[in-house]
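Sequences listed follow chains A, B and C, in order. Its first residue numbered 69, the first sequence is counted upward by one per residue in this note's numbering. Its first residue numbered 6, the second sequence is counted upward by one per residue in this note's numbering. Its first residue numbered 212, the third sequence is counted upward by one per residue in this note's numbering.
Simulated from the structure, these hints should not be mistaken for laboratory data. Each hint should be verified, as a subset may be incorrect.
As a list, the in silico DSS-like pairs of lysine-lysine whose alpha-carbon atoms are at most 25 Å apart [to be verified]:
#1 A:205 - A:321
#2 B:140 - B:87
#3 A:321 - A:286
#4 B:284 - A:321
#5 A:326 - B:140
#6 A:286 - A:326
#7 B:14 - A:286
#8 B:14 - C:452
#9 C:328 - B:14
Computed beta-carbon distance windows for the label pairs [unchecked claim]:
#10 B:19 - A:182: 31 to 37 Å
#11 B:256 - A:153: 23 to 29 Å
#12 A:201 - B:142: 34 to 40 Å
#13 C:272 - A:242: 36 to 42 Å
#14 A:235 - B:285: 27 to 33 Å
#15 B:24 - C:251: 54 to 60 Å
#16 B:291 - A:325: 21 to 27 Å
#17 B:144 - A:182: 29 to 35 Å
#18 A:226 - C:440: 49 to 55 Å
#19 B:19 - C:338: 21 to 27 Å
No experiment lies behind these values; they were computed from the predicted model shown. Quick reminder that beta carbons are idealized off the backbone N, C-alpha and C, glycines included.
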Amino acid sequence: MLTLLFDGIAYGMLLFVLAVGLAVTLGLMNFINLAHGAFAMAGGYITVLLMNRLGVPFLLCLPLAFLGAAAIGAVLEPLLYRRMYAKPHLDQVLFSIGLVFIAVTAVDYFVGGVQQNIQVPAWLQGRFDISWVGIGKYRLFIIVVCALLTLALQAVLTRTRFGAQLRAAVDDPRVAGGLGLNVNRIFLLTFAVGSGLAGLGGALGAEVLGLDPTFPLKFMIYFLIVCSVGGTTTITGPLLAALLLGIADVAGKYYVPKLGAFIVYTLMIVILMIRPQGLFARAGGGK
Amino acid sequence: MSAAEDGLKRAARWRWWEGALLLALLLSWALLPSHALLLNEIAILALFAVSLDLILGYAGIVSLGHAAFFGFGAYTAALFAKLVMPDPWVGMLAAIGLTAALGAVCSLLILRGTDLTRLMVTLGVASILYELANKLDWLTGGADGLQGVVMGPLLTPFGRFEFDLYGRTAYAYTLFVLIVCLFIGRTLVHSPFGYSLQALRDNRLRTASIGLSVNARLVAVYTVAAAMAGAAGALLAQTSGFASLDVFDFHRSAEVLLVLVIGGTGYLYGGIFGAVVFKLLHDLISAWTPQYWNFWLGIFLVVLVLVGREKLIRPRTWFKRS
Amino acid sequence: MSEVVLETRGLLKRFGGITPTNDVSITVEKGARRALIGPNGAGKTTLINLLTGVLEPTAGTIWLDGADITQLAPHQRVRRGVVRTFQINQLFNALTPLQSLALSVSAQLGIGGQWWKRLGTDPRVAPRCDTLLRQFRLDDVADQQVQHLAYGKRRLLEIATALACEPRVLLLDEPVAGVPEGEREEIFDIINALPAEVSVLLIEHDMDLVFNFASSVTVLVNGAVFAEGSVEAVSNDPRVKAVYLGESLDKSEHG
Numbered sequence: 069m070l071t072l073l074f075d076g077i078a079y080g081m082l083l084f085v086l087a088v089g090l091a092v093t094l095g096l097m098n099f100i101n102l103a104h105g106a107f108a109m110a111g112g113y114i115t116v117l118l119m120n121r122l123g124v125p126f127l128l129c130l131p132l133a134f135l136g137a138a139a140i141g142a143v144l145e146p147l148l149y150r151r152m153y154a155k156p157h158l159d160q161v162l163f164s165i166g167l168v169f170i171a172v173t174a175v176d177y178f179v180g181g182v183q184q185n186i187q188v189p190a191w192l193q194g195r196f197d198i199s200w201v202g203i204g205k206y207r208l209f210i211i212v213v214c215a216l217l218t219l220a221l222q223a224v225l226t227r228t229r230f231g232a233q234l235r236a237a238v239d240d241p242r243v244a245g246g247l248g249l250n251v252n253r254i255f256l257l258t259f260a261v262g263s264g265l266a267g268l269g270g271a272l273g274a275e276v277l278g279l280d281p282t283f284p285l286k287f288m289i290y291f292l293i294v295c296s297v298g299g300t301t302t303i304t305g306p307l308l309a310a311l312l313l314g315i316a317d318v319a320g321k322y323y324v325p326k327l328g329a330f331i332v333y334t335l336m337i338v339i340l341m342i343r344p345q346g347l348f349a350r351a352g353g354g355k
Numbered sequence: 006m007s008a009a010e011d012g013l014k015r016a017a018r019w020r021w022w023e024g025a026l027l028l029a030l031l032l033s034w035a036l037l038p039s040h041a042l043l044l045n046e047i048a049i050l051a052l053f054a055v056s057l058d059l060i061l062g063y064a065g066i067v068s069l070g071h072a073a074f075f076g077f078g079a080y081t082a083a084l085f086a087k088l089v090m091p092d093p094w095v096g097m098l099a100a101i102g103l104t105a106a107l108g109a110v111c112s113l114l115i116l117r118g119t120d121l122t123r124l125m126v127t128l129g130v131a132s133i134l135y136e137l138a139n140k141l142d143w144l145t146g147g148a149d150g151l152q153g154v155v156m157g158p159l160l161t162p163f164g165r166f167e168f169d170l171y172g173r174t175a176y177a178y179t180l181f182v183l184i185v186c187l188f189i190g191r192t193l194v195h196s197p198f199g200y201s202l203q204a205l206r207d208n209r210l211r212t213a214s215i216g217l218s219v220n221a222r223l224v225a226v227y228t229v230a231a232a233m234a235g236a237a238g239a240l241l242a243q244t245s246g247f248a249s250l251d252v253f254d255f256h257r258s259a260e261v262l263l264v265l266v267i268g269g270t271g272y273l274y275g276g277i278f279g280a281v282v283f284k285l286l287h288d289l290i291s292a293w294t295p296q297y298w299n300f301w302l303g304i305f306l307v308v309l310v311l312v313g314r315e316k317l318i319r320p321r322t323w324f325k326r327s
Numbered sequence: 212m213s214e215v216v217l218e219t220r221g222l223l224k225r226f227g228g229i230t231p232t233n234d235v236s237i238t239v240e241k242g243a244r245r246a247l248i249g250p251n252g253a254g255k256t257t258l259i260n261l262l263t264g265v266l267e268p269t270a271g272t273i274w275l276d277g278a279d280i281t282q283l284a285p286h287q288r289v290r291r292g293v294v295r296t297f298q299i300n301q302l303f304n305a306l307t308p309l310q311s312l313a314l315s316v317s318a319q320l321g322i323g324g325q326w327w328k329r330l331g332t333d334p335r336v337a338p339r340c341d342t343l344l345r346q347f348r349l350d351d352v353a354d355q356q357v358q359h360l361a362y363g364k365r366r367l368l369e370i371a372t373a374l375a376c377e378p379r380v381l382l383l384d385e386p387v388a389g390v391p392e393g394e395r396e397e398i399f400d401i402i403n404a405l406p407a408e409v410s411v412l413l414i415e416h417d418m419d420l421v422f423n424f425a426s427s428v429t430v431l432v433n434g435a436v437f438a439e440g441s442v443e444a445v446s447n448d449p450r451v452k453a454v455y456l457g458e459s460l461d462k463s464e465h466g
């Protein structure tokens with residue numbers, strides 16, 4: 069049972085890293101980016117290609133996946149996304165669905181639709197067995213990496229000037245702009261970093277979640293759950309929501325495999341009905 | 006006749022193109038018998054899109070899960086034919102009734118919250134139904150779908166008609182349901198209720214401030230739209246003899262959204278024009294690149310939105326209600 | 212004319228550490244012409260929001276004709292005759308003035324939910340729309356979409372919409388906000404011509420208008436009732452003058 073908890077936490081931390089960029093984009097630009105999963109997929113495929121075709125070691129692939137996805141994000145933001153911020157939500161939804169379709173079919177065309185496999189380095193394979201708990205080494209690795217990333221994010225947000233600027237811009241972009249903050253630059257950097265984190269999550273998660281061209285569509289709803297349940301005004305909200313989701317999903321699939329993801333969806337709807345602004349959002353905040 | 010009376014009467018008057026459209030629909034059955042199967046598909050998609058227009062174009066609710074009702078109607082009709090009786094009319098009524106009930110229940114979920122919350126909830130409901138249909142395979146056939154739905158003959162005042170392989174009976178049946186729904190929809194949108202939906206879309210606060218219950222309206226329109234989508238789904242199951250999981254799929258919800266956007270929202274007939282254009286585009290592009298239809302769909306969506314939905318459908322503004 | 216129509220008892224609203232409405236108990240009598248004034252941030256709009264049900268009070272009650280309406284939803288209060296206008300126009304942009312008014316009139320008649328008959332079939336609707344359109348000089352733009360109308364016309368429509376609801380208590384939130392000088396009088400003529408039985412509560416900053424229109428004044432400061440009484444009494448109250456920091460309430464010095 070504790071093993072389940074551990075696996076759930078690992079899954080949850082992974083979901084958090086994958087979804088945090090989306091949460092910040094949503095909170096900052098009020099933009100519903102359904103294509104966020106495509107950046108995760110990009111990170112995953114970059115890793116696969118680097119490892120399998122060029123023999124790049126796994127650990128090196130992780131920052132490269134981050135940079136690759138961040139670069140794509142940095143290009144797309146000013147080119148395409150920026151024009152969409154003022155548009156109604158319907159248009160944003162249509163736009164990001166379009167991007168997902170493009171990304172999914174492009175990957176299918178160039179790399180094929182087969183699920184990709186990553187050979188995780190030997191020192192991360194296997195597990196420790198401590199009393200009743202089976203701790204998979206890879207999952208432990210995921211937890212450690214994600215925890216470090218979370219702490220780094222929190223530090224950047226609360227201790228750096230950029231973090232303060234970002235928080236100001238999330239609170240009220242017009243006022244922030246009026247105060248002389250370069251809101252465009254903040255958006256660009258935030259979007260790039262968020263996409264980069266998704267890419268990193270995709271690379272980390274390829275082994276655990278499975279990587280194929282349908283990844284963005286399969287996991288889109290999970291990312292959105294993290295954002296809508298966790299709220300978009302804090303970092304801890306999505307973190308807790310992701311952990312909750314991860315544990316619920318793992319436990320649900322183990323104890324009631326017949327119902328599968330049904331439990332997660334129902335839980336989400338119930339939570340959103342009780343607190344439409346999300347379980348952990350600041351009261352009265354968020355949009 | 007006072008100016009106000011005249012103005013209000015004019016708004017509801019039948020336009021020439023509405024009559025022309027109805028005529029075209031009827032003629033299409035009479036004059037294009039060899040295309041009945043394709044036309045049937047278009048008409049079903051059109052009805053599905055028109056139902057979405059009620060909640061999206063008129064009430065302003067962005068739903069990514071409208072396929073929930075389409076699929077529910079399809080499975081209900083299919084199961085009804087298999088387990089209760091194969092009469093198409095009774096099955097249709099059953100599907101409409103049950104889907105309306107589902108719609109009424111689900112409408113409670115979209116009353117509160119932001120656009121994102123609504124998006125998630127609608128997506129969630131469709132996903133739940135998909136999962137249920139998948140897992141309850143003893144009832145629904147699971148991933149293989151519900152096969153072998155044999156419909157009884159269509160009993161009409163003009164006689165008994167078996168569903169034939171060429172789809173002529175099917176198309177006539179579908180057209181009938183579509184036209185009835187259009188008439189109902191038209192009555193609805195020109196009524197005080199219909200205008201209050203537009204008011205709700207434009208300004209919820211003001212709608213409440215003139216004494217109208219926003220929640221009651223949301224429940225009502227969502228129920229009606231669900232019933233109509235359920236009818237479309239039932240038509241699909243009944244005329245194709247089969248129901249499969251993809252009726253609940255996200256692709257369906259995304260597709261119908263696009264169909265409506267192509268045809269134009271908020272004037273009731275956008276679903277029909279959109280369905281025609283969409284199906285033709287689909288067949289054209291699929292013939293050219295069969296696997297990568299979604300790619301061109303994606304490009305189209307991105308371009309459509311960047312250019313601006315209004316600009317692309319500008320010619321349609323002649324058809325828009327003033 | 213001293214029959215009390217609207218009353219609040221200890222109305223309190225607190226959120227996030229601030230108290231925009233602090234133990235407000237006011238009575239509005241039938242046929243009142245009351246101005247609600249106070250410095251910016253005094254809580255005037257919050258009070259209106261509480262009265263109309265847009266905000267829920269933390270404590271206190273609201274009474275209409277001796278009945279407790281504190282639990283009623285906003286649209287229910289409108290049906291009972293508590294109608295407001297908004298400081299920032301809240302209109303139906305895609306509809307025309309004719310359609311907006313027809314809908315409001317239909318709502319007031321109780322047929323806003325009818326779905327089987329065309330809007331305006333009821334013989335009572337069109338004549339009332341005609342009257343309102345003429346009264347508010349909207350007849351020349353009656354068939355244009357609201358989003359294309361000039362600001363002055365939109366403001367007129369804002370007030371016309373409220374009147375279409377046949378209010379018993381009319382809450383006007385800065386009705387001439389943003390309206391050019393020349394057009395203000397038009398609006399105030401209409402407000403002055405309201406039936407005597409309608410009780411009007413007016414939030415206003417322009418003291419000329421307050422003097423011309425109101426017979427009594429309630430002054431709100433920091434969410435609480437600071438002073439109340441006839442226009443002359445309040446305008447001569449030295450405490451009130453001090454609160455406005457030297458801004459003279461005396462008509463002749465108004466700038």
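These are the hints, each one checked on the structure:
Distance hint between residue 205 of chain A and residue 321 of chain A is fulfilled; the C-alpha atoms sit about 22 Å from each other, no more than 25 Å. In summary, the hint linking residue 140 of chain B to residue 87 of chain B is supported, as the alpha carbons are separated by about 19 Å, within the 25 Å threshold. Using a Cα cut-off of 25 Å, the hinted pair residue 321 of chain A and residue 286 of chain A holds, with the two alpha carbons roughly 16 Å apart. For a cut-off of 25 Å, the pair hint linking residue 284 of chain B to residue 321 of chain A is broken: about 39 Å separates their Cα positions.
A hinted pair counts as satisfied when its Cα atoms are at most 25 Å apart, and residue 326 of chain A with residue 140 of chain B qualifies at roughly 6 Å. Under the criterion of a C-alpha separation no larger than 25 Å, the hint pairing residue 286 of chain A with residue 326 of chain A is consistent with the structure, at around 19 Å. Of the supplied pair hints, the one linking residue 14 of chain B and residue 286 of chain A is violated, its CA atoms being roughly 50 Å apart against a limit of 25 Å. Under the criterion of a C-alpha separation no larger than 25 Å, the hint pairing residue 14 of chain B with residue 452 of chain C is inconsistent with the structure, at around 56 Å.
Distance check on the hinted pair: residue 328 of chain C and residue 14 of chain B sit about 12 Å apart at the alpha-carbon level, within 25 Å; holds. The hinted range of 31 to 37 Å is not satisfied by residue 19 of chain B and residue 182 of chain A, whose Cβ atoms lie roughly 56 Å apart. With their beta carbons about 27 Å apart, residue 256 of chain B and residue 153 of chain A fall inside the hinted range of 23 to 29 Å. The given range of 34 to 40 Å is respected by residue 201 of chain A and residue 142 of chain B, whose C-beta atoms sit roughly 35 Å from each other.
Checked against the hint of 36 to 42 Å, the pair residue 272 of chain C and residue 242 of chain A passes, with Cβ atoms roughly 38 Å apart. Between residue 235 of chain A and residue 285 of chain B the beta carbon distance is about 50 Å. The supplied range of 27 to 33 Å is therefore violated. As the Cβ distance of residue 24 of chain B to residue 251 of chain C is approximately 58 Å, the hint placing it in 54 to 60 Å holds. The given range of 21 to 27 Å is broken by residue 291 of chain B and residue 325 of chain A, whose C-beta atoms sit roughly 37 Å from each other.
A C-beta distance of roughly 33 Å is found between residue 144 of chain B and residue 182 of chain A, which places it inside the suggested range of 29 to 35 Å. One distance hint, 49 to 55 Å for the beta-carbon pair residue 226 of chain A and residue 440 of chain C, holds here, with the actual separation near 52 Å. For the pair residue 19 of chain B and residue 338 of chain C, the beta carbons lie near 25 Å from each other, so the given range of 21 to 27 Å is met.
Checked against the numbered hints above, the structure breaks hints 4, 7, 8, 10, 14, 16 and satisfies the rest.
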